[in-house]
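With chain A held as given, fit chain B onto it using these hints.
2 protein chains.
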Amino acid sequence: MNPDQHATRSANVDDAHAIGHLLHDFNTEFGEPSPGAEVLEARLRMLLGGGRTLALVSGTPPIAVALVTLRPNVWYAGQVALLDELYVVPERRGQGIGSALITHLLSTALALSVDLIEINVDEGDVDAQRFYQRHGFTAVAPDSPERAFYYWQDITF
Amino acid sequence: MNPDQHATRSANVDDAHAIGHLLHDFNTEFGEPSPGAEVLEARLRMLLGGGRTLALVSGTPPIAVALVTLRPNVWYAGQVALLDELYVVPERRGQGIGSALITHLLSTALALSVDLIEINVDEGDVDAQRFYQRHGFTAVAPDSPERAFYYWQDITF
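These protein sequence lines are chains A and B, in that order.
Per this note's numbering, residue 1465 is the first one in the first sequence, and the count goes up by one each step.
Per this note's numbering, residue 1465 is the first one in the second sequence, and the count goes up by one each step.
Mixed in with the good hints there might be a few duds.
[Claimed, not checked] Non-contacting residues of chain B with respect to chain A, defined by C-beta distances greater than 12 Å in every case (computed):
hint	residue
1	G1542
2	V1553
3	Q1559
4	G1562
[As the list claims (entries may be wrong)] Covered, in the sense of this in silico footprint (three residues per stretch, anywhere, with C-beta under 8 Å from a C-beta of chain A), are these stretches of chain B:
hint	segment
5	1501 to 1510
6	1521 to 1531
7	1571 to 1584
Please keep in mind that the hints were generated in silico from the structure rather than gathered at the bench.
Computed from a prediction, not measured in an experiment: that's the story for all the values here.
No residue lacks a Cβ here, since even glycine has one placed at the ideal position from N, Cα and C.
If we strip away everything but chain A, and leave its shape as in the complex, we get:
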């Protein structure tokens, strides 16, 4: 195997087709709704050129993706980055590809003046919680043992 084959890199709009398929496969695998790979591709073509969404991928064509959105926050001089999705195709798991993407995300975030990186992790997904803790994330507030739950409300009609 060519060691460069799985090199992580920043995605651009030319990767929208492949990333749309990866994200659709992600939600299909975990039984979550998806608008379909074509709709996702069309949105990604807009988003990846817009400066508020970035994707890191592994390989060409990509076999893994980290999708990140940026936003401002009054408590920080820089930006806040939320890791919306991290997906590795099933047959390539356990090979350090997710870790490589997170490591790449941390260096990319520093270069983009990001001050805070966030991710929501399922309460029962202890493996994912350990994975993010290994990469420097924590669920507890500063000076407190308390975690926070993610609450949401869909207002589409």
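Chain B only, in chain A's frame:
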């Protein structure tokens, strides 16, 4: 008391001074770090004119604030709104001001083509969890009893 005195409204950059003080008082009350009201005011003057941060306030001068940031998301055609902060000055709590701000937020979000509203709520803050549930929020994923924890990593140096 004039019933209009606590009317909720969208804030503009002229409210940056008052909101900066409210947010500083918020973090001071709960023992969280704050860069100071003046730094917050300067950031709010930038953010409130930028279209990615909105604030709803109650009263003139404001005695309560809901601070919201907007971002794109590949799973939605519209935007995602995160309620970063909701603060009511101590002497005005229990008067429905927080509920009025959330109600105003929901109508404002619809007008802005927001599809999803999010907030992170402390694990032990059952009162806040009940408050958001009364206003239509949930912590569980669709078709699942599972909640998600908020993980974060500060990368400022």
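Results for each hint:
| no. | hint | in the structure |
| --- | --- | --- |
| 1 | G1542 | violated (7 Å) |
| 2 | V1553 | holds (18 Å) |
| 3 | Q1559 | holds (23 Å) |
| 4 | G1562 | holds (14 Å) |
| 5 | 1501 to 1510 | holds (count 3) |
| 6 | 1521 to 1531 | violated (count 1) |
| 7 | 1571 to 1584 | holds (count 9) |
When the structure is compared with the earlier hints, violations turn up for hints 1 and 6 and for no others.
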